[in-house]
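Two chains, two frames, some hints: make the complex.
Chain order of the listed sequences is F and L.
The numbering of the first sequence is this note's numbering, which starts it at 1 and goes up by one.
The numbering of the second sequence is this note's numbering, which starts it at 735 and goes up by one.
Straight-line alpha carbon distances no greater than 30 Å define the calculated DSSO-like cross-link-like pairs of lysine-lysine that follow:
hint, chain 1, residue 1, chain 2, residue 2
1, L, Lys761, F, Lys427
2, L, Lys761, F, Lys112
3, F, Lys421, F, Lys617
4, L, Lys761, F, Lys36
5, L, Lys761, F, Lys227
6, L, Lys761, F, Lys30
7, F, Lys609, F, Lys427
8, F, Lys168, L, Lys761
9, F, Lys168, F, Lys181
Here are some of the chain L residues that sit facing chain F, going by a computed Cβ distance under 10 Å:
hint, residue
10, Thr743
11, Phe765
12, Asp768
13, Arg774
No lab work stands behind these hints: they were computed from the structure.
Idealized CB from N, CA, C, for every residue including glycine.
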Amino acid sequence: MAGTKPRKERADQFAFLDLPEIQERYIQFKNEQQIKVTLSLPSIHCSSCIYLLEHLYKIEPRVLQIQVHFARKEAAITFSPDLPFSELAALLQYIGYEPDFSRVEGKTKQRKYTFLFQLGIAGFAFGSIMLWSTPEYFGLGQDNPNFRNFTSVLSFLVSIPVLLFSAKDYFISAFKALRSKVINLDVPITIGIIALYFQSLIQIFSWQGAGYMDSFSGFIFFLLIGKWFQSITYSSLAFDRDYTSFFPVAVQRLEGQTKKIVSIEQLAVGETILIRNEEIIPCDSYLLSDEAYVDYSFVTGESEPTRILKGELVYAGGQIQGLAAQLEVKALTNRSHLTQLWNETKNKIPSNQLIRYQDRIANYFLIVLLLIALGSGLAWYFIQAALMFKVIVAVLIVACPCALALSAPFTLGNTLRALGKSGLYLKNVTVVEALTGIDTIVLDKTGTLTDPNSYQIDMHYNGLDEASFAVLVNLARHSTHPFSRVFAAQNEAVAHIDLTGIKEIKGEGLTGVYLGETYFLGSAKFTEIGENKGNELYLKHGDKKAHLLFKSSWRTTAIQRILKQFQAKNCYVLSGDQNLDAPKLIEMGFKNENLHFNMKPNDKAKLIKTWQQQGKKVLFIGDGLNDVGALGLAEVGIALSEDMFRFTPSSDAILDAKYLDKLPELVRLGRYAKRVLQICLAFSLSYNVFGLSIAISGQLTPLFAAIFMPVSSITIVVLSTALVRLKYRNLFKS
Amino acid sequence: MGIVYLMLTISLVIAACFLGFFFWATKNGQFDDDYGPSVRILFEDEPTTKDV
Chain F
1 MAGTKPRKER
11 ADQFAFLDLP
21 EIQERYIQFK
31 NEQQIKVTLS
41 LPSIHCSSCI
51 YLLEHLYKIE
61 PRVLQIQVHF
71 ARKEAAITFS
81 PDLPFSELAA
91 LLQYIGYEPD
101 FSRVEGKTKQ
111 RKYTFLFQLG
121 IAGFAFGSIM
131 LWSTPEYFGL
141 GQDNPNFRNF
151 TSVLSFLVSI
161 PVLLFSAKDY
171 FISAFKALRS
181 KVINLDVPIT
191 IGIIALYFQS
201 LIQIFSWQGA
211 GYMDSFSGFI
221 FFLLIGKWFQ
231 SITYSSLAFD
241 RDYTSFFPVA
251 VQRLEGQTKK
261 IVSIEQLAVG
271 ETILIRNEEI
281 IPCDSYLLSD
291 EAYVDYSFVT
301 GESEPTRILK
311 GELVYAGGQI
321 QGLAAQLEVK
331 ALTNRSHLTQ
341 LWNETKNKIP
351 SNQLIRYQDR
361 IANYFLIVLL
371 LIALGSGLAW
381 YFIQAALMFK
391 VIVAVLIVAC
401 PCALALSAPF
411 TLGNTLRALG
421 KSGLYLKNVT
431 VVEALTGIDT
441 IVLDKTGTLT
451 DPNSYQIDMH
461 YNGLDEASFA
471 VLVNLARHST
481 HPFSRVFAAQ
491 NEAVAHIDLT
501 GIKEIKGEGL
511 TGVYLGETYF
521 LGSAKFTEIG
531 ENKGNELYLK
541 HGDKKAHLLF
551 KSSWRTTAIQ
561 RILKQFQAKN
571 CYVLSGDQNL
581 DAPKLIEMGF
591 KNENLHFNMK
601 PNDKAKLIKT
611 WQQQGKKVLF
621 IGDGLNDVGA
631 LGLAEVGIAL
641 SEDMFRFTPS
651 SDAILDAKYL
661 DKLPELVRLG
671 RYAKRVLQIC
681 LAFSLSYNVF
691 GLSIAISGQL
701 TPLFAAIFMP
711 VSSITIVVLS
721 TALVRLKYRN
731 LFKS
Chain L
735 MGIVYLMLTI
745 SLVIAACFLG
755 FFFWATKNGQ
765 FDDDYGPSVR
775 ILFEDEPTTK
785 DV
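So that you can see chain L by itself, here it is in the shape it has in the complex (with noise of 0.2 Å):
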């Protein structure tokens, strides 16, 4: 029984960090731009060597 003590508070640490994580997301302007990033992603990456 004890060990769902354990897991229990271990959960609660994964679950404040997660939280602790989104509230640096939201503070870094991630939520901001909804549109922007999905379309950047797509963009052809620049050449770094000239094709021979």
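The following block holds chain F by itself, in its conformation from the complex (with noise of 0.2 Å):
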């Protein structure tokens, strides 16, 4: 089937879609005969989803109409109003594809398309101003100086918008940059370019020749191109989620006997409240029930579910497992304690944006540039006076950096490219450049170095038969304790059994009854084996027993090739979880002295702060909220995640959990794109030096400058996509 496995359904998990204010949020047009939606579908991923997204209507004729955005991964739904909108969520969730209500903007916001027609107009002048000047090129423009003017005119004419909208960013910029005195590359773009058009305009209106109106705006286009390649990231992904989006949109609140559902914004301080199983606590409570397991995993890091005695405060982001739970409001939703969390270390996350590689060279090159043209003027002088200006302008002219521009965006655009085909998704082009400077790793052990999906059970027989043990996962599928579900999943082999007399004792365990035999599933005590200890379940059929030992397992591969590729002296672990795997760490490589427990969501973030101090690079791979504050100092800050759509704390990167062996291969792609941009800007720097010695000798023409700028430029373009390209096969497919 095509979409995903779905999850677990409950039967009312969507009734929050049929309260009119919540529905209000989603719905963008209602009338008597038609409901628009448009939903973000996450698991959509292929051409089959497409297909079957679109034909809805044949399993559902009250569906009227669905348009796929595969891009964005959204769909445009049109349906009757005789399909309640939480019956339309639970049949796509049914068939695969549930929708992510935490993504989803009600009202569909205009894009911006200033960008394309930039790109367009830049495009549209550099053809037609080439198209006319051909006769130029070939050196025909002084046997018909009518037609050329006319030509000249009409470049100019064409010329204006370039200057005017397509160009108007990079002045902008060299604007902004020159008044808060500093230099960056757009300010020797914005003198060349300048330069060129100045000249140019001297030229046409002294009707002395076409200009450079075509390298002008073949200029504005390749930049444009650059900048556009480099702005192409993953829509679909979100990487700057806030703890909204972590929550459930809307709990069942009790009122008396009944139920009833409500955003959580509605909910007030000392209401009754009703989650359960898997159900995200959505504020600080008091717990009502007798007893609750709350999973904090996410929070902080913590991995084994807690258990909560009625009285006791649970803390939003928890997860209950096992048995619903009632519990009393004790403070709203943004003022509980992890929301608290959360705002105080966003505030502390400095701006993770180097200072661009190329701008600093751009302040040199600005200094040297300045100089060769005032030397060769000063030159020309005194060898023939009247040549001296246009010998300055065409130094001007031939040295603007568009190659040394396209370096960087073309460098970096296919790095963040290769790299996202090998599972690592960065946010933007600037974290490519922060990864090539990663000199120590620091990673999150729940989570991370744990497969939080796969429990390895240590099974010991005390004379258990297979005939009772059958008997006892026929038992275990019945129990929504955690473990007992992990029990049963890996055994989904074992054969169905019908039981009688099942009872669950809450929090003990459960017993259930076959062919007149009783048999007992759940802790030491409940099975009057011993005392209980925690991570173990016991089976027990008259005297024969079995004993389960739950422990997390860890991505052992992924562990030993990061130690072996960064060395266990630069890997780092923190853990909210005491430090009882220390000796298994220890075996794996880790040096005692870089394993730190214990650790509250900010001590992890001061721990950084301090290896940052210190002059450490650091790069941090977590996964749960309470890897928010780390996440946003590292330098480069990975979240992990299993399942790419789903939630992950903001961060400048998601690593897809099944690529995490390969981190070693995707590092190294990204410090090889140094080693890239440095080779692109000597290539371009040198074509600037051999521009420049035909400039100071002033023999620039018009067909000069246009073979020479588009050639520079497509040598960078094409050497640093064939460079970045066999570096990625040589580290992935060998």
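Spelled out as structure tokens, the structure:
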């Protein structure tokens, strides 16, 4: 089936969608005949998805029309009002496309096309001017001055929108940089553009020639293509999610005996809410039920569910495991512990942008350029004073760092794509630059080094035979306890057996009857085997027993590859857990002094800051909300994700968990980008030197400029693409 | 020689038309999704009459 395996469904999971005030957020248009919504369906991934969704009306006639937007993983759905919104959502979930309501923007915002317009105009001007400049290129301009003047004026007219509209961002950026007394690459570019343009104007209106309007518009065109190439990122992934997308949209509120679904904004302190298995607690509250198991792994990094007793405080962000729990709201969601933590660390996040490599070069470039222009002007003043001005302008024109400006966008853009092909999705190209300097790897333990979806079960049979085992597996299938469920899932192949008299004692275990005999499954106390120790499950039938010990399983290959490539002394582990796993980590090769346990979210961030003050460049990999601070502080913060389109804390990059073992190659590819950038810069600078020698000798012609600029730019594009591709193939295909 | 002026003007007008068309297509969302349409065109057409 297309889509992905649906998660366990719950009949009223989407009931909140039938509340008018919640519906209002999502519905774009509504009348008696139809309702229109645009839903984010993160599991869209192939052409069959498009087929299935767009033909949904064959399964459910009340869905009138669906149009899939593949790149954004969205579907614009028109359905009849006979179909409740909640049923539509349940249907989508059933066929494997669970809508992600945290990502839905009710009203579609107008997309901005200014950039494409700028590109279009520059391309139009470039092509047109080159077309009618052809006679000029062949030296035929002199023969027919009238024609030349006609085309020159035409070039001037066409170039006006290029100057005023297409190129304006470069002027603005250069102006802003100068005003704040810094030099970026846009400064020499602007100088070049202006020199080029006004030299052409003088030539055209003194009727001496066609000027350099073709080079001018071509130059802008290439620059814009570079910018476009750099800006293509992963529009379907969200890197900047905040806590609101983590919490549920609505919860069940208990009013006496009746349950009512309300949105979490409507909850008030003191109200009672019901949270069921696997639902997330939306606000800090007190437990009213006798007992509950809460999985805080996403919030604190603790891997085992915590047992909470009646009257104790539970924190927002925890996930209820097993039996449903009644809670009394203590603080609203936006005042919860977790939300405050998030906001606190968020303020501390410094800008991750490095000073751009080429901007630093631009500084020297500008100084050298001005010196050369002055020097050659001075020299020509003594040789032939009439040509002095022309040579200075020629120097400024030909030195315009077009190829230089294209080096970084294409190198970084190509690297970003290559990394994306291997499971690491970067937020933007500045992350590639940050990746080049990494020397320290910091890993979160729970969910990063361990695989949250798989437990390793150590089983000790104490006389339990196969027939009883099969019965007990069937008994486990009735349980909601996480360990029983793992146990049942790992023994999925065991045949189905009908049991009678199944009784579950809350938080203890359950019993069932098969062929007149009673079977037990549960804690040590429940099965009367000993004292409870946690992480255990006991099976019992008469005096035959089995003991199951649950251990989180390690991503061993990934750990070993990372340790080998980055060396153990550069690899650190931060964990919210107690140091029970220290021996295992040391056995795998981590250094004892590099292991830090009992880390609160703030401690993680603080420790990273300390390392940074020691001059380390930190790459942090984590997966939970407790890592938000560290992810923000580290030079590169990577959120590890089992499912790319589910919630991830805000980060610089998202890494598909199955590619964690490829981390060394990914970092190496990122580092290689710097080498490629240097090669490209060397190439473009030598082009500039060559062009300058022509300009200084006073031989710059429009034809030369028209050929020189595109050729230098295209070399850079081809060079950077080829180098990055080759390296990618070397690293990943061997 | 006069014909060159005419042809040049015509070529400019045609190019301007293409530019206008590009603007229209952009605004119309033609470049938003570069994968979906390529798949959609291969879907079987719905039969309009029943096979006998």
